[in-house]
Structure formats: structure tokens, C-alpha cells
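Protein chains: 2
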Amino acid sequence: MPEHKPLILVTNDDGITSHGIRTLIDLMKQLGNVVVVAPNSPQSGMGHAITISYPLRLYPTDIFPDVPAYECSGTPADCVKLAKHHVLKDRAPDLVVSGINHGSNTSISVLYSGTMSAAIEAAIEGIPAIGFSLNDFSRQPDFNHTHEHVLSITRNVLERGLTKGVALNVNFPSRSSAPLQGIRICRQARAKWQEIFDERRDPHGRRYFWLAGEFINSDPGEDTDEFALSQNYTSVVPCQYDMTAYETMQQMSNWNF
Amino acid sequence: MPEHKPLILVTNDDGITSHGIRTLIDLMKQLGNVVVVAPNSPQSGMGHAITISYPLRLYPTDIFPDVPAYECSGTPADCVKLAKHHVLKDRAPDLVVSGINHGSNTSISVLYSGTMSAAIEAAIEGIPAIGFSLNDFSRQPDFNHTHEHVLSITRNVLERGLTKGVALNVNFPSRSSAPLQGIRICRQARAKWQEIFDERRDPHGRRYFWLAGEFINSDPGEDTDEFALSQNYTSVVPCQYDMTAYETMQQMSNWNF
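These protein sequence lines are chains X and D, in that order.
When we follow the numbering used here, the leftmost residue of the first sequence carries the number 963, and every step to the right adds one.
When we follow the numbering used here, the leftmost residue of the second sequence carries the number 963, and every step to the right adds one.
Be aware that a few hints might be false.
Treat identical chains as interchangeable: a pair holds within one or across any two.
Here are the simulated lysine to aspartate or glutamate pairs, DMTMM-like style, with alpha carbons at most 25 Å apart [unchecked claim]:
hint, residue 1, residue 2
1, K1126, D1204
2, K1126, D1185
3, K1051, D1098
4, K1126, E1209
5, K991, E1209
6, K991, E1184
7, K991, E1110
8, K967, E1161
9, K991, E1176
10, K967, D1185
11, K967, D1181
12, K991, D1028
13, K1051, E1121
14, K1051, D1104
15, K991, E1087
16, K991, D1185
17, K1051, D1160
18, K991, E1033
19, K991, D1098
20, K1051, D1164
21, K1126, D1181
22, K991, D1104
Just so you know, the hints here were simulated from the structure itself, not pulled from any lab data.
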């Protein structure tokens, strides 16, 4: 734990009024000084999008009476950038936490997830970061069963730090009658969405499509985040922003160009 | 090379009217049957965003007289999903190519890049894929010097395939008086954008910010994409969608929760 009270930046992708971020703010206040910079509208599925073709707005808000907070018109990654380079330009945060997302971000969802893009953005900046997600997509899920694990994982990161370039992707099972089994360090499952496009006609007779689908886990491994969640464990996947496929690099050395 | 003429899906993130996609279509016609599904507006910086809160539009267009083409209201990742599950639902493409992007996508830009998100999306679907980018952000860059390398890299992928879950991130130096030196297999450089937010006032006196900044390469390695480009080589980085930091997983096994 740093000797000074740690400065913790809280953001999310469901927007600044969501229940998940409020839960996370309340928990982080037990561990440090909290500043919030979060999107002013839902940004689910935004992946690692950044806003380069439009200007960004950033306004202070008093919706959390005793916590400095700003709402931003941009994506979660924009929020982290604006926080670091503008709001907190005199003192970089010791930790960035994102969430708690309404809905899980296991497996390849890490690529689509605005929650995790905020954490990865912090990792790029060399700041330890954690994305928290709950496997419950409802607007008012019960977060109570996650509190102890949020605090325990965050305390570990504040005390031990994280490898540079790595952020944690934490997913909680939804509330059930059984208590959580524990916390497991996992790898990202090889699973994917089996998309279905729901084709409809608008009131003007023009065709449109809704992206829908079903999550398919074809990975039998018992060391994956999906497996941990299915067993009522909290999953923790360390994620790196280096996407190089080093083994394939070796294999390609004999290609003829 | 597959025995039948390969079916090649072409997309991009600069939008269907850009010069880069036209160049790529013309080159791919030499190698197979081409279908285009591309965004109807620029999508730069969209990362791996997908459209889940709005419906998608998809319209056929005849702007490429002899090539079936569709313009889509969504992101590059949406285009690949709609192509696979709707436009090409009876026969999956043998290859997905994205680009040629107006601007480089080396190093961590792979995370922000719509060009590469289309390729990664294809990799998730088990389809070999390549993202092509030119280190020239102008609207009408000269692509002529890239043609030979685009064809050579694509032929290699059609003949040899790619490891499942891997897509290639190809970057070309901008046109110069010297011919390209060759093609190098590289890793993603550890570089980042040093952001600066340009603060302005709108005509109503309200503050807004433009995201701007400078690209800083702090990676001294000579095996990186950034180094290859600086030496007038075309860089090829195999990228995987598994973001698990396996070494960190090991290190975390002694954490106390």
C-alpha cells in the first residue's frame, strides 16, 4: 500500500448514473481518495474506441456529494485519457478501476468491452488497473455479494502493483443462494458469440438489423474465466495490451515474400 | 491456394468511398472473387466497437461496377459480422482483408484501429485475415509502391493459411524516392501516444476538448513494427485475440485473497 492515501480514478462504460459505478465508488472510498471521470451515456460494446473526429465535453457533476466527479461525452478510453492529462494532470492516479459493469466481460468480450478498454488504456499509461464486471445485465442487480472480493483484489493490487502493461479483468458470478466459492486466476476462454441478425422493417418499410446472438463456449479448459464463473468463483484474468502472436512470428520466418 | 477461386471479403474503416479500399479491391480481384461490405462513413479510432444499442442498416451499392458491394451503418467489426452471417451466409469467405488504411496502425494503434478490429473479428470467426495500413494520413495518398507487397503477403496467407485466432497487421512506409527495402515479420512496438488535449470554447462560450498528441516510441528493439517502418520496410505483425498475460498468471499464484 503506498504511504500516502492512494488516489483512485473510477470510471465505467454503463454511464455515470449506473448502479455499478456507485457501488464501486463506495467501496473505493474505503481504500483511498476517489475521483470519478465517467461517460455521460452508456458506452457498452464500444471496445477500445477513442473520439478523434469530434470534440469532447467534460463537465463537473455533484451527483456523488463527497466525491469529485466529471461526466464526459466520450468513450471509457477517452475518460481515462482526459482524467490523466487534464483532470489529474498534477498527480497521476495510483490505480484506475472500471465498472462494476452490468454484464460479464469474460472470454473475447474483453475485446468489445468498454469497461476493460478503460483498464487497458490505464495499463498503456503505466497505471495499475482493474475492470470489474458482474454476470447480470439487469439495471439494478444485487452487487452485495461482490463487495468483499472487490476490496480484496484491489488491496492486493495496491500493495503488490501489477506487471507493466497488464490490467486485471475481474468477473463476478451473479447473485445466487450460494455464497461465492472464492477467487481464481484464469486465462481468457476461447469462446465466441454466435451471431444472429434479427431482420426487421422500420415504419417507412426500410430494412434494418439488430445484432443478437448466443455466447458459445467451446473451450473445455478448467483454467478459464468461463469455467470459474460456472463454478460460482470470481475470475481474475491478467490481460496485456501486447497482441503479438510470438509463436506465429517464429512459424512465419520461412515465408517467401 | 484453395482449388476453387477464393472468396475474399474486403472491408475498411475509412469508409467505402476511400481511395485505400478501392486500391485493395483492385488488387484482390487479381487473386479471387471479391465481395465488399464496408462502413458508409469514416470509423477511424473505433477500436473493436460493435453496435448493440442501435439497429444496423445495410444497402447494396454499385460504386464498384463489377464487384458486389454493400455499405453498412456500423463499425468495421459490425461489417464483418453482417458479411459472415447475412451477406455471405451460404459460403464463408476464405479470407478477410481490411484497408488499405490511410494512416499507420503500428504498435498500440492495433487496439484503437478499426482496420485491425475487422481483421481480429475475422480471426475470432476462424477466417484468415489481414489488415493493411499505409503510413500516410492524407485523403489521396500514393498506394502504388504497396501493390507488390499486398499481393505477395496475401498470396502467402491464401497458400499457407494462418494459425487459428491470429490476424496479420501489415503496415507500409509512405511513398518516398527510395523503393521499399522488403518485408519484415515483427512484434508490436512498446510505444504510445503522448496525449495533449487542445482546450477551446465553442460559439456559445462552452468548453470543449480535441484529443491530439504525439506518438512516442520508447522501444529500442530492432524487431518491432515501428523500427521496420523507420527503415523503409513493410512490417507484418501476427496479432492474436487472446490477451491473457500468461507470465503474470504464474506470478499471481501466490496472491492472498
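Now the hints, each set against the structure:
1. K1126 <-> D1204: This pair counts as both: shortest intra-copy Cα distance 11 Å, inter-copy 18 Å.
2. K1126 <-> D1185: both (23 Å within a copy, 20 Å between copies)
3. K1051 <-> D1098: Result: close neither inside a copy nor across copies, 35 Å intra and 31 Å inter.
4. K1126 <-> E1209: Classified as both: same-chain Cα gap 22 Å, cross-chain 12 Å, threshold 25 Å.
5. K991 <-> E1209: neither (43 Å within a copy, 31 Å between copies)
6. K991 <-> E1184: Neither, since 35 Å and 45 Å both go past 25 Å.
7. K991 <-> E1110: Answer is within: at 14 Å inside a copy they meet the 25 Å cutoff, but 58 Å across does not.
8. K967 <-> E1161: neither (53 Å within a copy, 31 Å between copies)
9. K991 <-> E1176: Answer is neither: 37 Å inside a copy and 35 Å across each miss the 25 Å cutoff.
10. K967 <-> D1185: Neither way: K967 and D1185 sit 35 Å apart in one copy and 41 Å across, limit 25 Å.
11. K967 <-> D1181: Intra 42 Å, inter 33 Å, cutoff 25 Å: neither.
12. K991 <-> D1028: The answer is within: 10 Å in one copy meets 25 Å, while 62 Å across copies does not.
13. K1051 <-> E1121: within (24 Å within a copy, 51 Å between copies)
14. K1051 <-> D1104: neither (35 Å within a copy, 40 Å between copies)
15. K991 <-> E1087: So K991 and E1087 pass the 25 Å test inside one copy only (23 Å; across, 42 Å).
16. K991 <-> D1185: neither (33 Å within a copy, 44 Å between copies)
17. K1051 <-> D1160: between (46 Å within a copy, 14 Å between copies)
18. K991 <-> E1033: within (19 Å within a copy, 48 Å between copies)
19. K991 <-> D1098: For K991 and D1098, the Cα distance is within 25 Å only inside one copy (24 Å; across copies 46 Å).
20. K1051 <-> D1164: The answer is between: 23 Å across copies meets 25 Å, while 47 Å in one copy does not.
21. K1126 <-> D1181: between (28 Å within a copy, 14 Å between copies)
22. K991 <-> D1104: within (19 Å within a copy, 55 Å between copies)
Violated hints, in rising order: 3, 5, 6, 8, 9, 10, 11, 14 and 16; the structure is consistent with all others.
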